[in-house]
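Asker: Starting from the known structure of chain H, arrange chain F on it as the hints suggest.
Here is what each chain is made of, one letter per residue.
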Amino acid sequence: MKRTMIATSAAALIAGLTTATAVFAGEEDELVIDGETLVTKAPAPEGSPFSEVISGWRFRSDETQALQMDDFDNPGMIYVDQGLDLWEAADGSEGKSCADCHGDIAGFAGLRAAMPKWSEELGTLATMEELINYSRTEHMGAEPWKWESNEMLSMTAAIGLQSRGMPVDVATDGPAETWWEKGREIYYTRFGQLDFSCANCHEDNYGNMLRADHLSQGQINGFPVYRLKWGGLGSIDRRFKGCVEDTRGVPFAVGSDEMKALELYVASRGTGLVIETPSVRQ
Amino acid sequence: MMRNLHVKEWGIAFAALFALSLPAMAETAPGDVAFADGAVEQSLTGGAGDAENGRAVFVDRSLGNCVTCHANSDVADVPFHGEVGPTLDGVADRWTEAELRGLVVNSKMIFEGTIMPGFYVKDPAPRVREDLVGKTILTASEVEDVVAYLRTLKE
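Quick note, the sequences are listed as chains H and F, same order. Heads up: the first sequence runs through residues 1 to 282, numbered per our numbering. Heads up: the second sequence runs through residues 283 to 437, numbered per our numbering.
It is worth saying that the hints were derived from the structure and are not from the lab. Where hints are given, some of them may not hold.
These stretches of chain H come out as covered by chain F in the derived footprint (C-beta under 8 Å, 3 or more residues) [as the list claims (entries may be wrong)]:
| hint | stretch |
| --- | --- |
| 1 | 189-200 |
| 2 | 210-222 |
Just a sample of chain H residues kept apart from chain F, beta carbon distances all over 12 Å, derived [stated by the list, open to error]:
| hint | residue |
| --- | --- |
| 3 | Ile33 |
| 4 | Asp62 |
| 5 | Gly92 |
| 6 | Tyr134 |
| 7 | Ser135 |
| 8 | Asn205 |
| 9 | Phe252 |
Ideal Cβ positions, reconstructed from N, Cα and C, are used throughout, including at glycine.
Okay, chain H solo, but in the shape it has when bound (with noise of 0.2 Å):
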């Protein structure tokens, strides 16, 4: 039992050493977009388990960063211009758009920073997608879309997008609580034959490399993100999905209440920093 105590301090004090001592790429880098600096390192919030937050931008090479620092370069914003227009496209039973109840997208600057929200209306926890989902089919009387749709995609974006350089700011009192609490829970559950939970690798390793990756603190204010080994835009559930996938584990469904109650949790890890939809990740 000592000697297991005395290696795992020692272990720890070389785990420090790397973690303290890691100078990253990206570290002293700004993000600017259009001469507006986006905050991409902040204390963190009371209760927070980081002593800093940081944006995954801070992690990527060079490369990656100055796509994300350009519009023009930015390949998410072709989805931006995408969830544009079937804004303003009539679709459904209605034979309405979304403009046409709601005017101007720019209306929904700050909603992308309060999501996952509850919602009286769904009676749940509702993401972006399934509150634009419920627009189509309750006032639309349109198809809904797929989670993972490029019309998904494109719109969560779109709306994303108004919110950008607005900061992170979910609700967890509430009717939110308990889904916060089984979002904790699950992050800190290892999973899988590898045996990992999401704090062993973006709280207790951020900073590091594993392998060829950089690990981050994974959060989730730059998305959907577009991402140049999927070739495309991506939700945080795909994301969610591909790091329990991992773990050699059996990753949530997309959409299901597991998924929710992560998404709030982690969104909520990243108080202090602010959107950046549509970010770049490698």
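Answerer: Chain F only, in chain H's frame:
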């Protein structure tokens, strides 16, 4: 009745045959590994491992994939060494063979709560991928090969 008896007899005969012809089958099952202070004295196969194959297991992404977390100068030819775990240069000077075996079988016996997976542990956590249920990451002989390889990492 008669039939059942035959089957049983054959079963015993087969078992006896195996025991005679394959003494190396005295492989320790994942649940039966005996730890003492995190160390495992007994070879899981009863024999010595093959260090050369151990090196291959060490770098192979689908097997040990140790490089994902550990830097190790001996495999400098492999690109991208992780820094989640300590560098393994000179690891044989720091740990005995039994300790190294314990670390590969289940490092949680020495480093409580470590991120390092137990390579000879069945279903360590919930939601194990279906095709991997009941399976260990490495086989007993692969563990022995990796241990033999780690024994060569002297400063």
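Asker: Please confirm whether aspartate 62 of chain H is truly not at the interface, meaning its C-beta sits more than 12 Å away from all C-beta atoms of chain F.
Answerer: Holds, because the least Cβ-Cβ distance between aspartate 62 of chain H and chain F comes to about 18 Å, which exceeds 12 Å.
Asker: With d taken as the least Cβ-Cβ distance between asparagine 205 of chain H and chain F, does d exceed 12 Å?
Answerer: violated (5 Å)
Asker: Please verify that the nearest CB of chain F lies beyond 12 Å from phenylalanine 252 of chain H's CB.
Answerer: Not fine: 9 Å to the nearest Cβ puts phenylalanine 252 of chain H too close to chain F.
Asker: Beyond 12 Å on every Cβ pair: is that true for glycine 92 of chain H relative to chain F?
Answerer: holds (38 Å)
Asker: Over 12 Å to the closest beta carbon of chain F is the bar; see if serine 135 of chain H clears it.
Answerer: The claim holds: serine 135 of chain H sits with its nearest Cβ about 34 Å from chain F, beyond 12 Å.
Asker: Using a Cβ cutoff of 8 Å, are there at least 3 residues of the stretch 210-222 of chain H near chain F, or does the coverage claim fail?
Answerer: Since 4 is at least three, the answer is holds.
Asker: Minimum Cβ separation between tyrosine 134 of chain H and chain F greater than 12 Å?
Answerer: holds (30 Å)
Asker: For the stretch 189-200 of chain H, do at least 3 residues have a Cβ located nearer than 8 Å to some Cβ of chain F?
Answerer: With 9 residues in contact (Cβ-Cβ under 8 Å with chain F), the coverage given for the stretch 189-200 of chain H holds.
Asker: Is it correct that the beta-carbon of isoleucine 33 of chain H has no partner in chain F closer than or equal to 12 Å?
Answerer: holds (30 Å)
Of the numbered hints given earlier, the model fails hints 8 and 9; all others are met.
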